[in-house]
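Spelled out from the first residue to the last, the chains are:
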Amino acid sequence: MALKKGIETAAMSRRGFLRWSALVGSAAASSKGLAAGFRRRDPRHALVEQAPSEERMVRAGCPSHNCGGRCLLKVYVRDGVIVRIETDDRPGDTIADPQLRACVRGRAYRRRQYHPDRLQYPMKRVGPRGEGRFVRIGWDEALDRIAAEFARLKAAYGNQAFYVPYGTGSYNQINGRQTAQRLMNLYGGSLGYYNSYSWAAISAATPTVYGTSVTGNQRQDWLNSKYILMWSWNPAEMRDGTNSEWFVQKAREKGARVVCIDPRLTLSAVSLADEWIPIRPGTDAAMMTAMAYVMVNESLTDAAFIRTHCVGFDDTQMPAGAEGAESYKDYLLGARDGVPKTPEWAEAICGVPRATIARIAREYATTKPGVLYQGYGMQRRAYGEQPVRAGCVLAAITGNVGIPGGWASGIALQAPDGGPFWLVFPTGENPVKALIPSFLWTEAVLRGKEMGAADGVRGVDKLETGIKCIWAVACNALVNQHGNVNRTARILADEKKVEFLLVQDNFLTPTARFADILLPVCTQFETWGLEDGWKYGDEVILMPKIVEPPFETKSDYRIASEIAARLGLEQAYTEGRTERDWVSWSLDRYRETRFPGLPTLDELERSNAGVYSLPVTRPAIAFADFRRDPVKHRLRTPSGKIEIFSKTLHDLGRPEDIPAVPKYVREWESPFGPEAAKYPLSAIGHHYLSRVHSTLEGVDWLEEAFPQRLFINPIDAESRKIKNGDAVKIWNDRGAVVVKCRVTPRLMPGVVALPQGAWWTPDKNGVDRRGSVNVLSSERWTPFAFGNAQHTIMVQVEKAEAA
Amino acid sequence: MVTQYGFYFDAAACSGCKACQVACKDRNDLEPGVLWRRVYEVAGGGWEKKDGVWVPSVIAYNISMACNHCANPVCGLACPVKAIVKREDGIVFVDTGACIGCRYCEWACPYTALRFDARTNTVSKCNFCYEAIDAGGTPACVAACPQRALDFGDMAELRKKYGEVRRIFPLPDPAQTDPGLIIKPHRDAARAAERAAEVANWEEV
Numbered sequence: 001m002a003l004k005k006g007i008e009t010a011a012m013s014r015r016g017f018l019r020w021s022a023l024v025g026s027a028a029a030s031s032k033g034l035a036a037g038f039r040r041r042d043p044r045h046a047l048v049e050q051a052p053s054e055e056r057m058v059r060a061g062c063p064s065h066n067c068g069g070r071c072l073l074k075v076y077v078r079d080g081v082i083v084r085i086e087t088d089d090r091p092g093d094t095i096a097d098p099q100l101r102a103c104v105r106g107r108a109y110r111r112r113q114y115h116p117d118r119l120q121y122p123m124k125r126v127g128p129r130g131e132g133r134f135v136r137i138g139w140d141e142a143l144d145r146i147a148a149e150f151a152r153l154k155a156a157y158g159n160q161a162f163y164v165p166y167g168t169g170s171y172n173q174i175n176g177r178q179t180a181q182r183l184m185n186l187y188g189g190s191l192g193y194y195n196s197y198s199w200a201a202i203s204a205a206t207p208t209v210y211g212t213s214v215t216g217n218q219r220q221d222w223l224n225s226k227y228i229l230m231w232s233w234n235p236a237e238m239r240d241g242t243n244s245e246w247f248v249q250k251a252r253e254k255g256a257r258v259v260c261i262d263p264r265l266t267l268s269a270v271s272l273a274d275e276w277i278p279i280r281p282g283t284d285a286a287m288m289t290a291m292a293y294v295m296v297n298e299s300l301t302d303a304a305f306i307r308t309h310c311v312g313f314d315d316t317q318m319p320a321g322a323e324g325a326e327s328y329k330d331y332l333l334g335a336r337d338g339v340p341k342t343p344e345w346a347e348a349i350c351g352v353p354r355a356t357i358a359r360i361a362r363e364y365a366t367t368k369p370g371v372l373y374q375g376y377g378m379q380r381r382a383y384g385e386q387p388v389r390a391g392c393v394l395a396a397i398t399g400n401v402g403i404p405g406g407w408a409s410g411i412a413l414q415a416p417d418g419g420p421f422w423l424v425f426p427t428g429e430n431p432v433k434a435l436i437p438s439f440l441w442t443e444a445v446l447r448g449k450e451m452g453a454a455d456g457v458r459g460v461d462k463l464e465t466g467i468k469c470i471w472a473v474a475c476n477a478l479v480n481q482h483g484n485v486n487r488t489a490r491i492l493a494d495e496k497k498v499e500f501l502l503v504q505d506n507f508l509t510p511t512a513r514f515a516d517i518l519l520p521v522c523t524q525f526e527t528w529g530l531e532d533g534w535k536y537g538d539e540v541i542l543m544p545k546i547v548e549p550p551f552e553t554k555s556d557y558r559i560a561s562e563i564a565a566r567l568g569l570e571q572a573y574t575e576g577r578t579e580r581d582w583v584s585w586s587l588d589r590y591r592e593t594r595f596p597g598l599p600t601l602d603e604l605e606r607s608n609a610g611v612y613s614l615p616v617t618r619p620a621i622a623f624a625d626f627r628r629d630p631v632k633h634r635l636r637t638p639s640g641k642i643e644i645f646s647k648t649l650h651d652l653g654r655p656e657d658i659p660a661v662p663k664y665v666r667e668w669e670s671p672f673g674p675e676a677a678k679y680p681l682s683a684i685g686h687h688y689l690s691r692v693h694s695t696l697e698g699v700d701w702l703e704e705a706f707p708q709r710l711f712i713n714p715i716d717a718e719s720r721k722i723k724n725g726d727a728v729k730i731w732n733d734r735g736a737v738v739v740k741c742r743v744t745p746r747l748m749p750g751v752v753a754l755p756q757g758a759w760w761t762p763d764k765n766g767v768d769r770r771g772s773v774n775v776l777s778s779e780r781w782t783p784f785a786f787g788n789a790q791h792t793i794m795v796q797v798e799k800a801e802a803a
Numbered sequence: 001m002v003t004q005y006g007f008y009f010d011a012a013a014c015s016g017c018k019a020c021q022v023a024c025k026d027r028n029d030l031e032p033g034v035l036w037r038r039v040y041e042v043a044g045g046g047w048e049k050k051d052g053v054w055v056p057s058v059i060a061y062n063i064s065m066a067c068n069h070c071a072n073p074v075c076g077l078a079c080p081v082k083a084i085v086k087r088e089d090g091i092v093f094v095d096t097g098a099c100i101g102c103r104y105c106e107w108a109c110p111y112t113a114l115r116f117d118a119r120t121n122t123v124s125k126c127n128f129c130y131e132a133i134d135a136g137g138t139p140a141c142v143a144a145c146p147q148r149a150l151d152f153g154d155m156a157e158l159r160k161k162y163g164e165v166r167r168i169f170p171l172p173d174p175a176q177t178d179p180g181l182i183i184k185p186h187r188d189a190a191r192a193a194e195r196a197a198e199v200a201n202w203e204e205v
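One line per chain: the protein sequences are R and V, in this order. Mapping of the first sequence onto the working numbering: residues 1 to 803, in sequence order. Mapping of the second sequence onto the working numbering: residues 1 to 205, in sequence order.
None of these hints come from the bench; they were simulated from the model. Don't take every hint at face value.
Sample of chain V residues facing chain R (criterion: CB under 7 Å; computed from the structure) [to be verified]:
#, residue
1, 13
2, 14
3, 15
4, 16
5, 17
6, 18
7, 19
8, 22
9, 26
10, 45
11, 46
12, 47
13, 53
14, 54
15, 58
Even for Gly, the Cβ is constructed at its ideal location relative to N, Cα and C.
Using the sequences plus the hints, can you model the full thing?
So this is what it looks like as structure tokens:
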């Protein structure tokens with residue numbers, strides 16, 4: 001009840017904030033700034049207005065959230081206000097050193113920067129937690145309270161009770177959760193975590209095959225490919241590396257055939273693929289398995305490569321100690337289970353016609369070199385480890401590993417150096433050695449003391465305490481992006497469990513509504529920062545401070561510094577450095593590693609170049625050494641070879657859900673189980689161009705371009721008497737959502753899509769009126785990676801009374 | 001000297017990401033509801049169950065469209081106060097100071113380029129970023145495209161570079177207005193009629 005009431009009052013309390021528009025208005029009135037900008041638009045005034053001379057242009061990295069792009073902006077400032085944003089227009093724009101053109105999200109950023117709902121002052125909660133009622137307080141009161149709560153909880157429960165959760169809203173060194181982790185580590189540490197909500201299964205499963213996560217050639221090498229399978233991969237909507245979609249386009253122009261396998265006819269499929277193959281969600285491993293069957297049956301595998309570079313393909317190459325176990329070939333042919341994994345078998349599961357499965361198998365096995373690029377959507381599922389391993393095995397048995405134009409699949413961090421640094425801001429060493437899987441934090445709140453290895457806990461045998469203090473920085477993952485929002489909200493609303501919840505953000509997110517103390521953070525345009533090229537980084541991008549932090553906002557680093565001062569740790573925390581000093585320090589770290597020619601901060605600032613890039617003229621090829629000499633350049637797997645059969649997994653003794661060879665495993669919620677009688681539709685929460693996860697929610701230009709809604713096939717809509725544009729209710733046992741719908745043939749029957757990241761906005765009945773897909777998703781985790789399975793959702797849909 | 005500016009649009013490469021649309025809005029400070037450039041989603045076809053499996057005949061492609069700065073700007077002919085002006089380089093712009101908000105131009109334009117803004121009671125549209133053009137620059141939309149699917153230039157040059165196609169479904173006959181537009185069709189455009197395709201996103205454009 002408290003929760004529901006809280007949401008009603010939340011809207012009211014927001015009116016108490018001064019509107020940002022007041023500031024913009026006063027700036028316009030007090031100077032020529034915006035007023036001149038408006039006049040300049042009118043052609044009649046164009047020739048008399050000399051506006052550009054009053055503008056300043058700063059090249060800067062696009063604010064670093066957790067998209068897969070890292071792009072360059074040209075930010076125009078007048079009288080302290082950002083008036084226009086352009087993107088990279090460096091001359092040349094070559095494949096080796098392309099422009100880093102921002103996507104629609106970056107281009108709309110002004111409307112986030114000057115959004116009327118930005119948080120302005122520190123606030124404290126009044127009323128029960130989660131109601132979202134706050135009153136303004138001063139910084140001193142806020143910081144004193146935080147220091148007092150930290151001291152109290154440290155004394156009562158010890159440092160393991162503190163948690164700085166997974167949160168990806170800021171990645172620019174100065175803003176972001178790392179600033180809090182650094183202070184926590186100085187304060188005695190906090191419960192740590194491993195893996196992520198993005199890549200849990202793929203980051204755990206890839207090394208079981210290859211012994212490493214560095215399985216990707218540099219992307220420019222795609223232009224050497226003759227065949228590209230985009231499997232569950234949608235770079236045009238999620239952005240998976242700035243320019244990835246352009247490189248695929250260029251590869252296709254060079255003659256590569258591109259096939260996209262996805263339940264949706266995505267924007268990527270429309271623009272990049274020669275063919276779209278719809279597939280039932282959660283069944284990718286079945287199609288992959290049947291493709292391997294076809295290759296074996298028709299002798300299309302690279303038998304020599306399998307013999308010299310792989311283990312476990314058939315009973316001639318089983319690892320010692322597992323000689324009698326089921327080999328991959330045994331599984332394909334049904335030697336043990338009596339079920340040959342034929343295209344007919346797979347068709348019934350994945351919904352792809354048997355002839356298509358066989359044809360794609362032949363195409364991929366014979367059109368070499370080829371890329372099977374694994375997107376991440378299919379691994380955020382019940383048994384997400386399986387399609388990852390199955391895809392890697394297809395790459396291996398076709399011999400596409402270690403060659404130009406080929407692709408080993410897996411998580412594909414970029415060769416040669418182990419991929420990204422992302423954050424070099426030093427968090428120091430965490431004195432608390434206990435780690436949990438990032439997705440299991442609610443478990444650590446509910447039953448901390450019971451948690452051990454069976455729940456993925458590392459570093460200790462058992463946790464000593466539940467989580468009692470959460471410090472959430474740039475983190476809406478806590479509520480909105482975690483599985484099963486209604487459950488999470490109930491857990492957090494209990495003030496006896498998590499006793500203190502500190503939130504720092506730009507906006508009153510669904511997570512921020514649960515804060516005890518809520519601190520307003522400046523945007524990344526308002527402090528210094530530095531970013532590199534995400535998963536594929538061939539560049540370092542400077543993010544100079546462009547405008548002043550408005551109202552009482554501060555950077556995350558400044559906030560942590562001021563808390564540190566209260567805890568007697570200021571000098572240890574800051575080492576005397578300002579935000580700008582840390583960016584300079586971070587540049588030194590990049591310079592010491594893979595960017596030896598990187599200019600200093602002063603030089604970068606003077607040149608206003610914004611970016612320092614390393615042209616990729618000769619793309620690195622992952623596993624080239626291993627390919628050449630598998631004995632001399634052993635993989636870091638137990639066998640030193642590609643493990644089609646993993647003895648490590650075999651020894652876990654869980655063949656049903658963690659098989660030693662990749663298998664199709666029916667999901668715990670699927671169209672094939674008894675649950676389908678009640679909830680017959682698979683729901684997926686795809687990435688959407690109007691947001692980066694939940695960041696950029698509510699930006700009007702983006703909402704206009706990509707409104708939040710449910711996508712449903714005409715066949716499923718018609719049988720429910722649903723028309724395009726109707727309000728629809730989507731629900732299962734975990735919750736209900738009401739949003740408008742788009743009836744479109746662009747996704748397969750039996751599947752609905754609710755774009756992820758919309759902010760949970762429950763009405764008085766607890767029905768979410770905005771469309772957070774995590775109202776429907778589950779908190780259950782994958783068996784091996786302990787990863788989120790948030791795309792495994794079954795629902796029912798009906799026409800709703802009103803939107 | 002340029003006598004007729006125009007846009008080139010590669011429909012085969014366009015994903016529909018709308019970076020062009022929003023870059024235009026940022027460049028021109030356009031409020032929600034006013035779209036000088038917008039992206040039409042064309043979709044058609046359907047699903048048929050064959051041997052127990054759903055098989056799609058679905059087609060989809062996008063058309064990113066601003067104002068085509070037509071050689072025969074019928075919008076201007078429709079304007080009773082002559083608020084629509086064509087420059088010597090072909091760029092057509094609306095003098096919003098002279099516009100009386102009668103919206104006849106909006107009716108006349110077969111490309112829906114003219115956009116009424118109730119807040120100002122005037123009509124406005126793409127002006128080809130003529131300030132940028134006059135300074136030797138690039139229209140915001142062209143510079144924005146992550147897929148490099150947009151280009152601009154003198155129509156004579158664009159024709160030489162990209163060919164003569166100026167119409168894909170459901171665009172009007174170019175003979176009507178002689179638009180400054182060259183298109184590389186998406187492969188699905190050839191099947192639009194047979195698959196009963198239509199604009200699928202009227203609420204967005």
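Honestly, which of those hints from before does the structure not fit?
none
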